[in-house]
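Engineer: Protein chains in written order, with full-length UniProt numbering: chain F, 1 to 428; chain H, 1 to 428.
In short, the hints are calculated from the structure, not lab data. Hints may contain errors.
The list treats identical chains as one, so a pair stands whether inside a single copy or across any two.
[To be verified] Below are the DSSO-like pairs computed for lysine-lysine, each with C-alpha atoms no more than 27 Å apart in a straight line:
id	residue 1	residue 2
1	57	26
2	168	29
3	291	218
4	204	26
5	29	204
6	39	26
7	29	291
8	394	29
The chain contents come next:
Number of protein chains: 2
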Amino acid sequence: MQIRYLLNGALPAQDVARLLESSPPKERKLLWELIDHDKQGDVLQYVSEEISIQFMKSMDTERLLAISESFDDDDLADILQQLPETLVKEVLASMTAQNRMRMESLMSYPEDSAGGLMNTDTITIRPNITIDIVFRFLRRHTELPEMTDSLLVVSRSDRFLGILPLRKLLVADTDTTVRDIMETDCDVIYAEQTATEVAQLFEKMDLVSAPVIDPNSKRLLGRITIDDVVDVIRDEAEHSMLQMAGLDDDEDTFAPVMQTTRRRAVWLGINLITAFIASYVIGLFQDTLDKVVALAILMPIVASMGGIAGSQVLTLVIRGIALNQIGASNARWLLNREIIVGLINGVLWATVIALLTVVWFGDMQIAYVIAGAIIINLIFAALTGTLLPIALKKLGIDPALAGSVILTTVTDVVGFLSFLGLATLFLL
Amino acid sequence: MQIRYLLNGALPAQDVARLLESSPPKERKLLWELIDHDKQGDVLQYVSEEISIQFMKSMDTERLLAISESFDDDDLADILQQLPETLVKEVLASMTAQNRMRMESLMSYPEDSAGGLMNTDTITIRPNITIDIVFRFLRRHTELPEMTDSLLVVSRSDRFLGILPLRKLLVADTDTTVRDIMETDCDVIYAEQTATEVAQLFEKMDLVSAPVIDPNSKRLLGRITIDDVVDVIRDEAEHSMLQMAGLDDDEDTFAPVMQTTRRRAVWLGINLITAFIASYVIGLFQDTLDKVVALAILMPIVASMGGIAGSQVLTLVIRGIALNQIGASNARWLLNREIIVGLINGVLWATVIALLTVVWFGDMQIAYVIAGAIIINLIFAALTGTLLPIALKKLGIDPALAGSVILTTVTDVVGFLSFLGLATLFLL
């Protein structure tokens, strides 16, 4: 009773969505069934896509249709793209011809493009009318769409001409025409631009909304609003962190056991290859290890210091690439700096580690060997950390996903190879 | 010539700022000096705080004053808080009494609080006037402030009463009063709320701006706009990734060598302690390693698989905490799931690794030992990855910063201890 009241009355849809996202699978399903049918659509808009698709897959067409009415065009198009085709066909078939056409056109754009982000709830006006008429035209609406910060000016054939920001409209003389005060040098977005480009434009220009136009016909297709862009910005900023740990972008914190196990297993498997490569390298020096057991004790230090130094550089460069800061002109400077930083820190910590080694094992030779290996590995870490993500990016591979695995392989292999190699040369 | 034209004419301030951020120190200084004094203030608003403070520290008071005029109140307050006190006093002294008072009040709020994010450029109206008068009042302005999506309704004594969204104002009957159509159940922010809370509210409620009020007097203090909140959202989403690699939140990709070296050195030093703890554990089993050299070859696999599994869990939980998804009610479910996932993946990969070990070394005993150690380490990784960030959070320590170091220590120690310990028990 109490919870049913909370879900359907007291809590706004956004909070119910948060509650669903924070619940383990069984509770999630139970809670969902306690939500009134009327409110389910509202709630679904705010849960992550993975979860909403899961719920929608289990609905019949009629429920799906009823629910889809509370969705924004762009969200509905994203979700329909991921539902089974037969279901989608039924949903589309039951729409009015006009809605179906609009939905099919939205669904033709990839989810992570400007077309996939846009809504069609624009308010358009003609350039030749006066501000007075604009006011009268607006008053005919019962409410303007959310996030309306400007009216879009279009020609008779729907060609986009400019925008009239509300903050200009409200201070304008009522006798002037739209053409007199509209902004024609405003930022426009082409339907096939990537969501990343859209987010960068919004962040750079501090936009609340922006028109989306067809690059060929210059016709107005819709508009993108900051609330959808905020989601893109959050997803992109989280993307690198999640990918570096081999997690999915849309990872459900409370995914069920089997789903979680399967995804994690793949990542562990990939990393096992790395681990066996490192072990193979150690295996090459079996005789050396057999003679000087201190090497086995110290060798993880060399690999681990390289891994830490390398992943600092890697993280910095991955973020720099994501922020569009790194290009051909400054990559060389960055590489030079990292090599110098690696060298200085290498010498510093090689000295510290060598001293500790002398204290521990009382052996100057081993101290020299480990110092040399640390310096070599930190320089390789700097090289790999800088060049690897740049190279992966050029090859069209996500540096956040592949970067950390490859980097660890390099710092492990170089670490063991240099330490045990130098030991074999100088200690035996 | 060409570049001077680009900097001062062709490129908007945002692009010049991006250029500065993407330049190594020397080029950055050179470019800065090529920018006209008039434009420097505009550009500074868009560069990261670390860089703008660097430039402003080197200015005399007069320049600083001239430049500070192009800043938004909230940005200026943030920057003044970080400049040397004598400089700040001079700047404040040269302001008008009213501006000084406003600036001092803004500076009294921490940078990462609602008070630190707010601007004072509000448009306020009284509740008893008609919409017609509102329109006439607005027309007296030459332009409304950026990101104005609603007017703020206040009493004679400046007490906050509600908001009048432009999208309602524009469709309203001109004879109705503000009181009739204003929204009183709107989201308000108290000056001392954290920036994180503000960002969560904006994201949840899809706001463009929100009023900031004094919790005691209920007086309107200012407003926060989505452009500043987007920065908070990006910073927070990036925060975990940067902290996990021991990088600063406001890390300058092109910081000079010595600054970079110093910061990285600290992180390497902390991790060196971890590495020596792991080595100490290995050292306990010197005799065992002396007898079975295969153990030295295989031991990194156990530590590395634990580290990978643990950091997946750690990343997921850190993100869950940041998104406010994890609390007392679901932490236990999460822990259970992670232990089960750890167990299943432990058994799976222990089997694979055991088979590979038999193929490589032809020794069933070692295969059993490594399989056991892998299962133990993956379960410990699940335990630590889940409980550690929750515990750190409770202790008021940033889980993203301390989490990865402590986790690695645990998975290294448990990995080496279980593998070499089991080997000592069963192989000798």
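Engineer: Of all the hints given earlier, name the ones this structure violates by number, lowest first.
Structural biologist: 2, 3, 7 and 8
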